[in-house]
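Between the sequences and the hints, there should be enough to build the whole structure, so can you do that?
For what it's worth, the working numbering labels the leading residue of the sequence shown as 1, then goes sequentially.
One should not assume that every hint holds.
Stated by the list, open to error - As a list, the in silico DSBU-like pairs of lysine-lysine whose alpha-carbon atoms are at most 35 Å apart: (1) K35 to K46; (2) K24 to K76; (3) K76 to K38; (4) K37 to K24.
Stated by the list, open to error - Derived CB-CB ranges, DEER-like: (5) T6 to K108: 16 to 22 Å; (6) L50 to E9: 28 to 34 Å; (7) T6 to K48: 33 to 39 Å.
Since the hints were derived computationally from the structure, they do not count as laboratory data. Predicted, not measured: the structure shown is a model, and the values here were computed from it. Ideal placement from N, C-alpha and C gives every residue a C-beta, glycine not left out.
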Amino acid sequence: MPEEFTEQELHNLAMNVVGKELEKEGFEFMTVNSKLKKDPQFVCLKNKKLHFVIVRAISYPNNPATYDVTYMEIVKQHALNFKARTYYAGVGIANANDYSKAVIKGDKYIINFNGITEI
Numbered sequence: 001m002p003e004e005f006t007e008q009e010l011h012n013l014a015m016n017v018v019g020k021e022l023e024k025e026g027f028e029f030m031t032v033n034s035k036l037k038k039d040p041q042f043v044c045l046k047n048k049k050l051h052f053v054i055v056r057a058i059s060y061p062n063n064p065a066t067y068d069v070t071y072m073e074i075v076k077q078h079a080l081n082f083k084a085r086t087y088y089a090g091v092g093i094a095n096a097n098d099y100s101k102a103v104i105k106g107d108k109y110i111i112n113f114n115g116i117t118e119i
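Structure follows, in structure tokens:
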């Protein structure tokens, strides 16, 4: 019987995608939190400035670029207390064989990630 990825496993996939991008862009990781519903996922330094990055795994057909504006404003206000900049990173994940089906372990999947967005 095919086993679907759990919500936490999809989140971990998204974390890996974003982590690699942040590394490539020269961010230095201060803390990494991969627990679901625990924000921010990444607290980084770049150019001596603090950055908070919120990561979300988004299932098809939802748009990974769309985020909860109200919630992100709350996170941004929290970040400002630390003089930090706030970013959103939505990672779309879909079953490569059939977008309407769940992502199955062992099957191919597609990642839709267009970088981090400053809030």
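Go through the numbered hints given earlier and state which of them the structure violates, listing their numbers in rising order. none
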